[in-house]
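Keeping their order, the protein sequence lines are chains A and B.
Okay, so the first sequence: first residue is 270 according to our numbering, each after it adds one.
Okay, so the second sequence: first residue is 2 according to our numbering, each after it adds one.
Calculated from the structure, these hints are not laboratory results.
Hints are not guaranteed to be accurate.
[What the hints assert, rightly or not] From the derived model, a few chain B residues whose C-beta atoms are all more than 12 Å from chain A:
1. Asn67
2. Thr78
3. Gly188
4. Ile236
[Unchecked claim] Derived contacts from chain A toward chain B, CB cut-off under 7 Å, selection only:
5. Gly315
6. Ile319
7. Asp336
8. Thr338
9. Tyr339
10. Asp340
11. Ser342
12. Asp344
13. Cys346
14. Ile348
Each residue gets a CB set at the ideal place from its N, CA and C atoms; glycine is no exception.
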Amino acid sequence: MADISLNAGVDVKLDASGNGRASIGPAFGPATWHVTATSVRTSQPGQGNIPLCAIYRGTEDSAGYLDTTYDGSADVCDIAYDLTPGINVIAVWTGGNPGDIATLGVTGTKE
Amino acid sequence: MGFRSSILAGKRLIREAIQSPNFTSGADGWEVRRDGSAEFNDIVIRGGSTTQGQVFVYNGTPAAGNLMLSISPTAGTDEFGNAYVAGEGLYGSTGTLTALNAAGDTVKLRTDAPSYVSFNASPGLELRPAGGTGLGASVTAYDDSFTRGMLLQSPTPDPDGQSDFSYVQMTGGFGGVPSAIQLNADGQVWAQGTAFESDGTISTYASSNFNTYTPAITGHGSATFNQRTGYWQRIGPMIFFVAYLTVNAAGSGTGTVTITAPTNIDRSTRQFVPAHLQSLTTGNTGTGAAVAFQSGSGKVFDGIRSPTNGAVMGSDLLSGGVIVIQGFYRELI
Chain A
270 MADISLNAGV DVKLDASGNG RASIGPAFGP ATWHVTATSV RTSQPGQGNI PLCAIYRGTE
330 DSAGYLDTTY DGSADVCDIA YDLTPGINVI AVWTGGNPGD IATLGVTGTK E
Chain B
2 MGFRSSILAG KRLIREAIQS PNFTSGADGW EVRRDGSAEF NDIVIRGGST TQGQVFVYNG
62 TPAAGNLMLS ISPTAGTDEF GNAYVAGEGL YGSTGTLTAL NAAGDTVKLR TDAPSYVSFN
122 ASPGLELRPA GGTGLGASVT AYDDSFTRGM LLQSPTPDPD GQSDFSYVQM TGGFGGVPSA
182 IQLNADGQVW AQGTAFESDG TISTYASSNF NTYTPAITGH GSATFNQRTG YWQRIGPMIF
242 FVAYLTVNAA GSGTGTVTIT APTNIDRSTR QFVPAHLQSL TTGNTGTGAA VAFQSGSGKV
302 FDGIRSPTNG AVMGSDLLSG GVIVIQGFYR ELI
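So here's chain A without its partners, still in its complex pose:
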């Protein structure tokens, strides 16, 4: 099957503490997402409280840990990984502006 361009995203509203969590991945199999870039941003990049953002693959622990950015309001991670149904990429924002909309995005290909 030819690879199809992947470009997907999901939003979350940061809570009263400026924290939020979002995840995305293929909803059903046997689709496989070949992620080549993972983006994180907020609705006020570079403004106010700049959140940390950590991303994980599959599980939100050391086994699934991918990377962390000090600028969760606007950054891109170029680690490549695959997602299959049931295995999502997870983004966790902390210390941002309460009420901001945080967005997790993935690009690459899917089959």
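Assemble the complex: chain A is given as a structure, and chain B must be docked to it using the hints.
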């Protein structure tokens, strides 16, 4: 590779701090922190700068005992244990504030200003013209073993190269060391050995000699004098004097004997000075007076009056006679 993980988000520093590779707090490099604090090894500020809060300057690496300068709205203790004052403070062996002009003249506010009286440096102000040698002129507070006070002294040597110096001393106690001028806390003024009390009296006179003069005599006829001597001292507007005459050859004539004072006599009223007359003609021996009339002028006492208020004449001056005139008169200013 991962996130770009910039140190900035927009223009905001999102890391705890940025620092030079060799940064060691208190020693090397620099660091700027997200909380607004910073540490630099050397800095040049062009234009102006505004500082809020406190400023501390140390002699070397900040540590206990090497605080040089502090500016603080309140007193306190720095993180190294150095106490500082409210306002501006200078500390330690560098505790000197100096004003210096292009000519090299200096004014120093220092904790160890020259203080000759106690031979110990004391807190005060030192003033020194360019090229001055020896001690500068100073205003100091001192506390030695016998007295405490404030000393105002001229430089030594003075600008003419003289080694002597003068001083005005204001003391809290009376140490027995004479000053050029000494102002005591009880209001006494001590000048060259003379003490002027706060109630206007003079309690101690300097041992300096009286001024001398030779009284001029008229109306004495043929009289000559073994002694014709005068002593005087000015005290404010008053003159205290002694005129002493001893007759050698007897006098003659009916002219009124006059005698001069050392200075001009105020004639706004008649004045007299007591006189002791001895071995003159009968009726002219005893206590009399030298009288200065309002109509008179200059230094002249217009007559010497006998105990019966008669005028002593030239013929009354017998050989061996003695006239002593002693007392105060008002000087013509």
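Against the structure, the hints:
Against the 12 Å criterion, Asn67 of chain B stays outside the reach of chain A, whose nearest CB is about 38 Å from its own CB. Residue placement check: Thr78 of chain B keeps its beta carbon more than 12 Å from all beta carbons of chain A (closest about 36 Å). With 12 Å as the threshold on Cβ separation, the claim that Gly188 of chain B sits away from chain A holds: the shortest Cβ distance comes to roughly 71 Å. For Ile236 of chain B, the non-interface assignment is confirmed: its Cβ lies about 87 Å from the closest Cβ of chain A, beyond the 12 Å cut-off.
At a threshold of 7 Å, the smallest CB-CB gap from Gly315 of chain A to chain B is about 2 Å, leaving the interface hint in force. Interface hint status for Ile319 of chain A: upheld, as the beta-carbon distance to the closest one in chain B is roughly 4 Å, under 7 Å. Restraint check, Asp336 of chain A versus chain B: the minimum CB separation of about 4 Å is within 7 Å; hint holds. The beta carbon of Thr338 of chain A comes within 4 Å of a beta carbon in chain B, closer than 7 Å, and the hint placing it at the interface holds.
The restraint placing Tyr339 of chain A at the interface with chain B holds, with a minimum CB-CB distance near 4 Å, inside the 7 Å limit. At its closest, the beta carbon of Asp340 of chain A sits 4 Å from a beta carbon of chain B; the interface hint therefore holds under the 7 Å criterion. With a cut of 7 Å, the hint placing Ser342 of chain A at the interface with chain B holds, because the nearest CB-to-CB distance is about 5 Å. Evaluation of the Asp344 of chain A hint against chain B yields a held restraint, the C-beta minimum of about 5 Å falling below 7 Å.
Given hint, Cys346 of chain A at the interface with chain B, holds; its Cβ is 5 Å from that chain's nearest Cβ, closer than 7 Å. The interface hint given for Ile348 of chain A is met, as the beta carbon of that residue sits about 6 Å from the closest beta carbon of chain B, less than 7 Å.
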